[in-house]
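Student: With the sequences and hints as input, model every part of the structure.
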Amino acid sequence: MGWRMTTKFEVNGKPVSVNVEPRMTLADCLRHELRLTGTHVGCEHGVCGACTVLVDGEAVRACLMLAVQAEGAKVVTVEGLSNDADLTPLQKSFRKHHALQCGFCTPGFITTAHALLTEEPDCDADRVREVLSGNICRCTGYIGIVEAVLDARAAYKK
Amino acid sequence: MKLPPFEYACPTTLNEAVALLASHNGEAKAIAGGQSLVPMLAFRLARPSLLVDLRKLPGLNEIKIGADGVRLGALVRWRDIQDDKRLESAHPLLKAAIAHVAHYQIRNRGTVGGSVAHADPAAEMPGVCVACDAVITAAGKGGTRAIKAADFFEGALTTALKPDEIVTEIHLPAWPAVRRSGFQEFARRRGDFAMSGVALFYDLDAGGKATNAHIGTIGVGDRPRRLAKAEAALNGQAVTEALAVKVGEAAAAEVDPQEDIHASAAYRRSLTGTLCERALLAAAR
Numbered sequence: 090m091g092w093r094m095t096t097k098f099e100v101n102g103k104p105v106s107v108n109v110e111p112r113m114t115l116a117d118c119l120r121h122e123l124r125l126t127g128t129h130v131g132c133e134h135g136v137c138g139a140c141t142v143l144v145d146g147e148a149v150r151a152c153l154m155l156a157v158q159a160e161g162a163k164v165v166t167v168e169g170l171s172n173d174a175d176l177t178p179l180q181k182s183f184r185k186h187h188a189l190q191c192g193f194c195t196p197g198f199i200t201t202a203h204a205l206l207t208e209e210p211d212c213d214a215d216r217v218r219e220v221l222s223g224n225i226c227r228c229t230g231y232i233g234i235v236e237a238v239l240d241a242r243a244a245y246k247k
Numbered sequence: 323m324k325l326p327p328f329e330y331a332c333p334t335t336l337n338e339a340v341a342l343l344a345s346h347n348g349e350a351k352a353i354a355g356g357q358s359l360v361p362m363l364a365f366r367l368a369r370p371s372l373l374v375d376l377r378k379l380p381g382l383n384e385i386k387i388g389a390d391g392v393r394l395g396a397l398v399r400w401r402d403i404q405d406d407k408r409l410e411s412a413h414p415l416l417k418a419a420i421a422h423v424a425h426y427q428i429r430n431r432g433t434v435g436g437s438v439a440h441a442d443p444a445a446e447m448p449g450v451c452v453a454c455d456a457v458i459t460a461a462g463k464g465g466t467r468a469i470k471a472a473d474f475f476e477g478a479l480t481t482a483l484k485p486d487e488i489v490t491e492i493h494l495p496a497w498p499a500v501r502r503s504g505f506q507e508f509a510r511r512r513g514d515f516a517m518s519g520v521a522l523f524y525d526l527d528a529g530g531k532a533t534n535a536h537i538g539t540i541g542v543g544d545r546p547r548r549l550a551k552a553e554a555a556l557n558g559q560a561v562t563e564a565l566a567v568k569v570g571e572a573a574a575a576e577v578d579p580q581e582d583i584h585a586s587a588a589y590r591r592s593l594t595g596t597l598c599e600r601a602l603l604a605a606a607r
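Sequence lines, in order, name chains A and B. With the numbering used here, letter number 27 in the first sequence gets 116, and the count goes up by one each step, no holes. With the numbering used here, letter number 177 in the second sequence gets 499, and the count goes up by one each step, no holes.
Incorrect hints may appear among the rest.
Pair by pair, the computed Cβ-Cβ distance ranges are [unchecked claim]:
| id | chain 1 | residue 1 | chain 2 | residue 2 | range |
| --- | --- | --- | --- | --- | --- |
| 1 | B | His584 | A | Gly146 | 31 to 37 Å |
| 2 | A | Lys97 | B | Arg369 | 47 to 53 Å |
| 3 | B | Ala509 | A | Ser106 | 39 to 45 Å |
If you are wondering where the hints come from, they were derived from the structure by calculation, not from laboratory data. Built from N, CA and C at the ideal position, the CB exists for glycine as well.
Tutor: The structure is reproduced here in structure tokens:
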């Protein structure tokens with residue numbers, strides 16, 4: 090223990106510098122070092138998708154990435170996808186379609202859906218299901234989540 | 323659980339990376355996307371003393387397509403393969419197989435080099451390598467060597483790589499425009515590891531009969547392999563529904579499946595036959 094490294098990257102538009110053990114995952118670093126507890130840690134081995142964040146614009150599992158590997162990267166967490174003024178179109182759509190119940194998995198679904206809709210605002214239901222297959226929800230049965238993502242497409246079209 | 327402690331290095335040259343791997347008495351591991359290695363660490367199935375991150379090594383993230391085939395740099399991600407339109411004609415079997423790799427988020431970080439070095443028996447990339455007679459290039463202290471895919475995979479999570487060696491490139495031989503191919507796998511949930519999978523291709527001779535048949539399996543047995551008897555049943559024949567059934571039966575008879583919590587050996591055997599039949603019919607269409 091004790092072998093630590095200073096790592097600098099950007100989180101939600103702000104530069105951060107952390108001094109962490111190399112074994113610390115990006116998910117734990119966000120939660121414990123940066124107090125960004127919106128990123129949830131479920132399975133810790135890359136199966137459940139709850140810890141999904143955006144790294145340089147792409148959705149990745151923050152439990153399968155070391156914090157030290159984020160050096161120089163632009164990280165966006167679920168906190169970075171909201172604003173204080175109002176719910177975002179994606180959040181509104183989740184509320185409208187009852188796309189969450191307990192809410193544990195929701196940050197992973199929001200970040201994944203945001204990445205998908207940003208890249209592919211014209212995606213169809215099959216594609217939404219395919220992409221969301223990497224996130225597990227034990228409450229909703231997924232129907233509402235798929236509908237919410239499909240309904241939010243309009244807000245992402247340029 | 324939390325990962326075991328290790329030191330970390332992020333070299334900028336291949337020589338430096340090899341020297342780091344060689345310096346830790348076989349206790350150092352290379353990490354690329356980490357999508358297989360980090361779960362291994364989380365389960366404490368791997369406890370390296372040093373992780374050597376390959377992400378800054380230059381020139382390993384390119385997909386080169388030429389007359390001699392497709393060359394994938396070790397750091398090419400699943401995402402890069404999916405985004406590369408050229409591969410639809412340059413290697414349709416690779417393209418079809420990679421659509422089954424894990425999930426969206428994992429495909430943004432997982433690499434081809436990492437997959438072959440990890441050598442999961444159910445993984446798609448090792449299966450494509452074996453089915454297509456790929457050549458895997460590895461760089462180590464002793465220089466660079468080319469390893470045939472059939473010799474590279476030695477068992478579950480076991481390869482011919484030495485502790486100081488890093489996969490640098492995977493070369494898939496050229497794909498003739500008229501070649502027929504099919505890929506089928508079955509998992510209970512989308513993105514899960516396959517309980518069985520079949521990657522196959524064949525060429526057509528002047529008389530429209532199948533020739534140069536290559537039939538590979540994943541998820542049955544401890545490594546991907548080609549099925550010589552099923553290939554023999556296909557070579558020289560016109561592909562019909564009846565022949566597809568026959569080749570599927572030959573494949574089912576030839577595999578040596580394991581039994582685990584996901585499926586019995588008998589189920590895997592039967593599944594392999596069905597998937598082979600379907601892949602062949604898809605190829606013929």
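Student: Hint by hint, note whether the structure agrees.
Tutor: Cross-check of the supplied hints:
| no. | hint | verdict |
| --- | --- | --- |
| 1 | B:His584 / A:Gly146: 31 to 37 Å | holds (35 Å) |
| 2 | A:Lys97 / B:Arg369: 47 to 53 Å | violated (28 Å) |
| 3 | B:Ala509 / A:Ser106: 39 to 45 Å | holds (42 Å) |
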